[in-house]
Amino acid sequence: MLKIYNTLTRKTEEFQPLEPGKVKMYVCGVTVYNDAHVGHAMSAIVFDIIRRYMEYRGYEVRHVMNYTDVDDKIINRANALGEDPLKLSQRYIEDYTNDLKSLNVLPATSNPQVSKTMPLIIKFIEGLIEKGHAYAAPNGDVYFRVTSDADYGKLSGRKLEDMQAGARIEVGEQKEHPMDFALWKAAKPGEIFWESPWGKGRPGWHIECSAMNLAELGEQIDIHGGGNDLIFPHHENEIAQSESYTGKEFARYWIHNGMLQLGGEKMSKSLGNIVNIKEFLSKHSADVMRMLVLNGTYRAPLMFNDETVAAAERNVERLKSALKPASPSAKGLPADILSALAAAIETAKTNFTEAMDNDFNTASAIAALFELSKSINTARDNEATADQLQPAQDTFRELAGVLGLTLEEKKGSGDANKFIDLLIEVRSEVRKQKLWALSDLIRDKLKELGVSLEDTKDGTTWKWT
RNA sequence: GGCGUCGUGGCCAAGUGGUAAGGCAAGGGUCUGCAAAACCCUCAUUCACGGGUUCAAAUCCCGUCGACGCCUCCA
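Just so you know, my numbering puts 214 at position 174 of the first sequence, and the rest follows in order with no gaps.
Below 30 Å or equal to it, Euclidean Cα-Cα: the simulated DSS-like pairs (lysine-lysine) are: (1) K450 / K323; (2) K364 / K451; (3) K194 / K171; (4) K194 / K225; (5) K318 / K450; (6) K309 / K127; (7) K323 / K306; (8) K228 / K163; (9) K51 / K389; (10) K450 / K485; (11) K215 / K194; (12) K474 / K458; (13) K306 / K113; (14) K364 / K497; (15) K127 / K225; (16) K199 / K225; (17) K503 / K487; (18) K199 / K306; (19) K487 / K323; (20) K51 / K199; (21) K451 / K360; (22) K485 / K360; (23) K215 / K288; (24) K215 / K199; (25) K309 / K225; (26) K127 / K240.
Simulated from the structure, these hints should not be mistaken for laboratory data.
Just need the whole structure built from these sequences, with the hints factored in.
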């Protein structure tokens with residue numbers, strides 16, 4: 041039985057989809073005006089794992105992730121670069137799509153964009169005005185009337201009175217209530233705009249997600265996700281808009297991932313403590329990024345530093361060791377170890393599923409993989425044949441795949457491979473003659489070039505590092 | 001100030017009532033010409049602190065201290 045922690049109720053609840061066997065999941069994507077960083081990667085990986093696990097459990101998942109391609113920051117950046125805002129955002133959409141692919145994140149079922157949802161957004165706002173939940177200000181802005189929503193604040197646990205008391209809230213000139221938020225913003229001179237019943241303008245930040253949800257998944261969805269920095273105001277306002285518009289409960293389960301921490305602080309563009317996804321992937325594999333996420337709890341802050349990255353690197357190597365082939369000269373396993381291996385397969389499956397069912401407890405799930413890898417390696421060291429190893433390695437590969445780990449070795453340039461093979465062949469002859477200094481020199485020099493050798497009784501293996 | 005999450009070994013971290021998973025690092029060993037990898041052993045009488053409930057608490061309750069996130073754009 042799959043259980044999920046729901047931000048809305050602050051409880052871990054049994055997952056019950058609206059429609060048996062199907063999951064409608066909407067995850068807030070990124071605002072595309074800049075290179076994405078590893079914090080965005082964390083969020084994407086978290087929901088990728090959730091999606092993969094639900095599919096493993098047999099659900100048909102419709103996974104929608106939007107792109108915010110109309111926004112103040114995009115307009116500012118485009119102005120600074122002298123570029124058309126929609127061209128700029130389109131460029132970064134392609135860029136982020138590539139990042140996600142590099143991270144082995146499955147493509148979402150669909151990726152709606154604000155700029156392509158304009159008619160529905162306008163219709164949505166009109167509907168809210170008709171029902172008294174919104175009003176147009178004289179300057180062409182349209183605001184949501186928070187006092188018209190009886191349970192406004194239920195997701196973030198805030199009350200309007202408390203928020204009004206907050207010192208940093210300033211009363212907008214055009215607003216009835218300081219917490220009212222913009223559904224539509226009148227265009228400033230020279231800004232990109234769309235025609236609307238309220239004049240030229242563009243949508244506010246929150247309305248896009250309500251509209252795209254409706255367009256892609258309908259009035260009610262199972263899961264709504266995003267970073268926990270979106271709980272307020274973004275998700276709170278989405279609920280207010282959608283539920284005021286449809287009169288129905290919007291999302292049943294709200295899932296929020298924790299923030300990636302660099303130097304004890306949230307990684308964010310405004311703090312300037314950024315590691316880009318591309319920068320990270322130039323030094324480490326996608327599996328390493330994923331391992332960092334898997335080692336922790338998706339809801340908790342994720343520590344990101346040299347030490348945790350190095351540990352993740354080693355963890356990935358350790359898991360890969362389980363997939364090394366059996367020795368060609370293996371004589372076969374003793375009966376007791378063979379049955380222990382069979383038992384280890386079942387234990388791993390059980391522990392893995394129990395862990396993941398418990399609100400996607402990946403740290404526990406990964407522990408099940410470490411234990412299985414130990415059993416496999418022990419079997420290999422005890423003369424297991426390839427056939428004897430295979431069932432365990434198949435299970436291992438399958439479970440790792442559910443977490444989105446590829447466990448693939450790094451590929452070098454194909455041309456180099458045959459020369460490396462040749463060098464190793466020569467080195468084998470050198471070793472037969474016990475010319476250790478020379479053979480070690482070859483090994484050391486290759487290491488410097490990124491090729492690491494391992495001498496085994498069945499000969500020498502190598503890989504790119 | 002308000003709302004929320006959380007404080008577990010040198011580090012990352014699971015465990016939410018029954019006597020501390022897993023990984024990294026470290027030390028010892030097996031194997032190896034030497035490495036590397038793998039495997040074996042060691043590594044928290046204790047879970048921020050102070051009270052309380054209970055036969056039993058890291059786990060529940062109260063308080064204190066501390067960290068982080070949100071309250072402004074944010075994955």
